[in-house]
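S.K.: These are the residues of each chain, in order.
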Amino acid sequence: MNVFNSILILAAAFLAVFAEAAFSFPHRLLGAQIDLLPALMIYAALNLDIFTVSLLAVLGGLWFDSLSANPFGISILPLYAIGFPIWWKRDLLLRELPFAQVILGATASAIVPALTVLLLLTGSHEPLLGWGSLWQWIVMTAGGALATPIIFGLFDWCNHTFGYQPLVQTAFRPDREIRRDKKAK
Amino acid sequence: MSRNKHYVALGSVTLATLLVLNLPSQAASRLKMGVGSLFLPLFALAGSAQQLPGKAIDAALPRSQLLKEIENLRQENQQLKVQQLQANAALQENNSLRTQVGWAQQQPWKLEASQVVLRDPANWWRTIWIDKGTRNGIRDNCPVLTSDGLVGRVSSAGTYRSQVILLGDPNCRVSARVTNPAHDIGILTASGPLDNSLLNLTYLSSSAVVKSGQQVTTSGAGGIFPAGIPIGQIADAEKKEFGLYTEARVKLSANLGALKEVWVLTNPQLP
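So the sequence lines, in the order shown, correspond to chains A and B. Heads up: the first sequence begins at 1 in the numbering used here, then just goes up one per residue. Heads up: the second sequence begins at 1001 in the numbering used here, then just goes up one per residue.
I should point out that these hints are in silico values taken from the structure, not numbers from a laboratory. Take the hints with a grain of salt, since some may be wrong.
[Claimed, not checked] To give an idea of the interface, some chain A residues facing chain B are shown, with a C-beta separation under 10 Å as derived from the structure:
1) 17
2) 21
3) 32
4) 49
For each residue, glycine too, the CB sits at the ideal point set by N, CA and C.
Given the sequences, and given the hints that come with them, work out the whole structure.
M.R.: The structure is reproduced here in structure tokens:
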């Protein structure tokens, strides 16, 4: 839980939002764009402090809305609605298990767009919805579920490679070393 | 403080969200543009990434094929120049007749070419970002088209880039005219979130005789799009609400899923 992790997750969110807008092949191939912010939020909520989780919700939401036709700021609350409860109960969740990561990723990726659309409809906006939206929702859920363990693996590797690792004290003590000279032999 | 930091965080995020959501629309729009401009350095990267497959294909094409293509383009250019001469003569004639009748003269279209750099990351909107803005003469509501037909309109023009709402987005409704003898007019609306090539042409009169294959163009009503821009052609039609009105499906001429370069009409002349 250091600054490096926080910067890394925010940089990843920035690039993820840009990639979602720049690369449209998932949309052309599957009919829906996969959102990586819920998966990043799961990682942040399980591994980082509440300040980073809050910052990710605010900045991630604002970045997403700035490239979208969404009203500015509407994506913050759905992201935080996922991040905050998971951070709250993070000690009870099996964060190490890939299966748990998949389930959490799927749940977050399903809830975040649903909440955003609900907020849009509440605010008398008119998003493009229909039966096809159900397919898009399934694609987003499945995409988020697959992306979550990948993100966990990637960030764990980054932490291990670039992050600060405290020195582990070994059982070896030089004052207890048994010295043998030639005579003892 | 440290024990209750989660409550402080929750309160701060909720407050910040409410504050941003309740900003006046102009301030929110400016803030949105400002935050979006953080991505400006990456725009060029996106443009290059999109051009990379095309460049790779160009590099792999044999020289003979390229020369043949150049020759074809030269011939096409000659033909278009001749057609341009004819069009200029027709425009002059039209303008002199308009002057005699006392109507305002028609100005030729002023088009600004621009590249599509980004697409809306949300699945429930159909918008794109182009790499031209107000410094290129682009303003809000300028019509956007390709050589095939209408694409949409500029929804928000920034200094260096603009957001374009595509046809099929619920916020982009177009008054369209069918080229049948009655010149029936309807409203072009979204059909569904998955298929972006078919749109609904609704509120056609109950007596409208709309057949498959008939061309659809902008009607000029509505104050945004000038008349006569091609949109597509009728795919099928049916009576709605016990024959109260007719609704048709329109197959768009422009491929909205593969837009790379678009033209912005910076001096739309409205009737």
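S.K.: Does each hint hold? Answer for all of them.
M.R.: Now the hints, each set against the structure:
1. 17: Status holds, d = 6 Å.
2. 21: holds (4 Å)
3. 32: holds (5 Å)
4. 49: holds (8 Å)
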